[in-house]
Amino acid sequence: GIQVEQSPPDLILQEGANSTLRCNFSDSVNNLQWFHQNPWGQLINLFYIPSGTKQNGRLSATTVATERYSLLYISSSQTTDSGVYFCAVAWAGNMLTFGGGTRLMVKP
Amino acid sequence: DTEVTQTPKHLVMGMTNKKSLKCEQHMGHRAMYWYKQKAKKPPELMFVYSYEKLSINESVPSRFSPECPNSSLLNLHLHALQPEDSALYLCASSRGGGNTGELFFGEGSRLTVL
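Chains E and H, in that order, are what the protein sequence lines are. Position 75 of the first sequence, counted from 1, bears residue number 75 in this note's numbering, the numbering being contiguous throughout. Position 53 of the second sequence, counted from 1, bears residue number 161 in this note's numbering, the numbering being contiguous throughout.
The set of hints was computed from the structure by calculation and includes no laboratory data. Bear in mind that the values here come from a model prediction, so they are computed numbers and not experimental data. Some clues are possibly wrong.
[Said to hold, decoys possible] Result set (DSSO-like, lysine-lysine): computed pairs, CA atoms no more than 30 Å apart in a straight line:
#1 E/K54 <-> H/K149
#2 H/K161 <-> H/K117
#3 H/K149 <-> E/K107
#4 E/K107 <-> H/K148
The shape of chain H in the complex, shown without the other chains (with noise of 0.2 Å):
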C-alpha cells in the first residue's frame, strides 16, 4: 500500500480564520514532508520531519506551524494567512534515515485565502 491520504481536499478560509491540514501514511514511513505548489511552478519544500522531529524548516512564515503527533501522522496549522497563501498544498512520505528512499505524495490539499 504506497498511499498518502491528504485531507481536506478543498479548503476556503478567511484571513482571520484558524484551519489544520491533515496528513497519514500506513507505510512505515519515518521522514513526512510539507510542499506548497503555487499555479504553474514546481513544488517547493517547506518542512521536513525526520522520526518524528521538525528536522528541516525552509524560512517558511510562523502563520504555518507543522505538528507531527506521531509516525504516520502529519498536520499543518494555519492562522492568519494571506491571499498569498493560496496555493496547492502536498505531503510527502519517504523511509527517512541518510539515503531518504522514494517519496510519495498525496492527493494535496487545495487552499483559497478569501
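Looking at chain E on its own, in the form it has when it is part of the complex (with noise of 0.2 Å):
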C-alpha cells in the first residue's frame, strides 16, 4: 500500500511564529486531505488537495503531485491552533490512508 509520511512528527511554537508542515506520499493520489484533531478527537476538514495551492484565513496548503508532496503553512499560530494536523491520501477508491501526524503546541 501507499506510504505517507508527515514530518515534524512534533513541534513547539511561541504564538504569532510561522509554520510549514510536510506531507510526502509514496505513489501518485487522486485524493489529499488535511485536517485538524481537536483535543477532543473530531477531525476538523482544513482542506481538499490533491493538486495546486489552497488558502483559507491564515493557512495555505500545497500539493505538488509529480513531486509526491504537500506542505501545510501556519502562519501568526494561536494557542487554538494547538492539537494533531494529520495529512491522509487515497490512491486506490476509497481508501484513504492517515500519515503518522504532527503533533503542535502553541505556548502563548
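Could you fit the two chains together into a complex? Lean on the hints.
Laid out in C-alpha cells, this is it:
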C-alpha cells in the first residue's frame, strides 16, 4: 500500500510564529486532505487539495502531485491551533490512508 | 450542511455485552466509512460501504459487524470485545464513486471495554 510520512512529528511554537508542515507520499494519489484533530478527537477538514494551492485565512496548503508531497502553512499561530495535524491520501478508490501526524503545541 | 453525526459519544461496555455505534449523514453521500483510532496513533480504516454495499473490509475481527441499512445510516455492531478494542471509532462519508472525493468525519464514539 501507499506510504504517507509527515514531518516534523512534534512542533512547539510561540504564539505568533509561522510554521510549515510536510507530507510525503509514495505513489500517485487522487485525493489528499489535511485535517486538524482537536483535543476532543474530532477531525476538522482543513483542505481537500489533490493538487495546486489553496488558502483559508491564516492557513494555506500546496500539493505538488508530480513530486509526491504536500505542505501546510500556518501563519501567525494561535493557541487554538494546537492539536494534531494529519495528512491523508487516497490512491485507490475509497481507501484514505493517514500519515502519522504532526503534534503541534502553540504556547502563549 | 457538512455534518456526520455519531452516537453515542462515549460508551463503556463489558466483554460479554452487545452494543452498537451509529452514524448518520444527510449530505447525499454514497460512501461511508468506519475508522478506528488508538491513542497517539493515526486513524486506521476498518470498513467501507459504497452504495450500501460492503466494498472494503480491512481484515477486521468478526466481533465487529458493520451494517448499512440505507444510504444515510451506518452502524457498527459490537460483540465480545476485548480491552484492546478500546479506542475512538470514527465514521466518515464522501460522495463515493471512482474518485471518492472529500471525506467528512463525525466527532467519534469513544469506546472503553472493561
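Okay, which hints does this one fail, numbers in order?
Violated hints: none; all satisfied.
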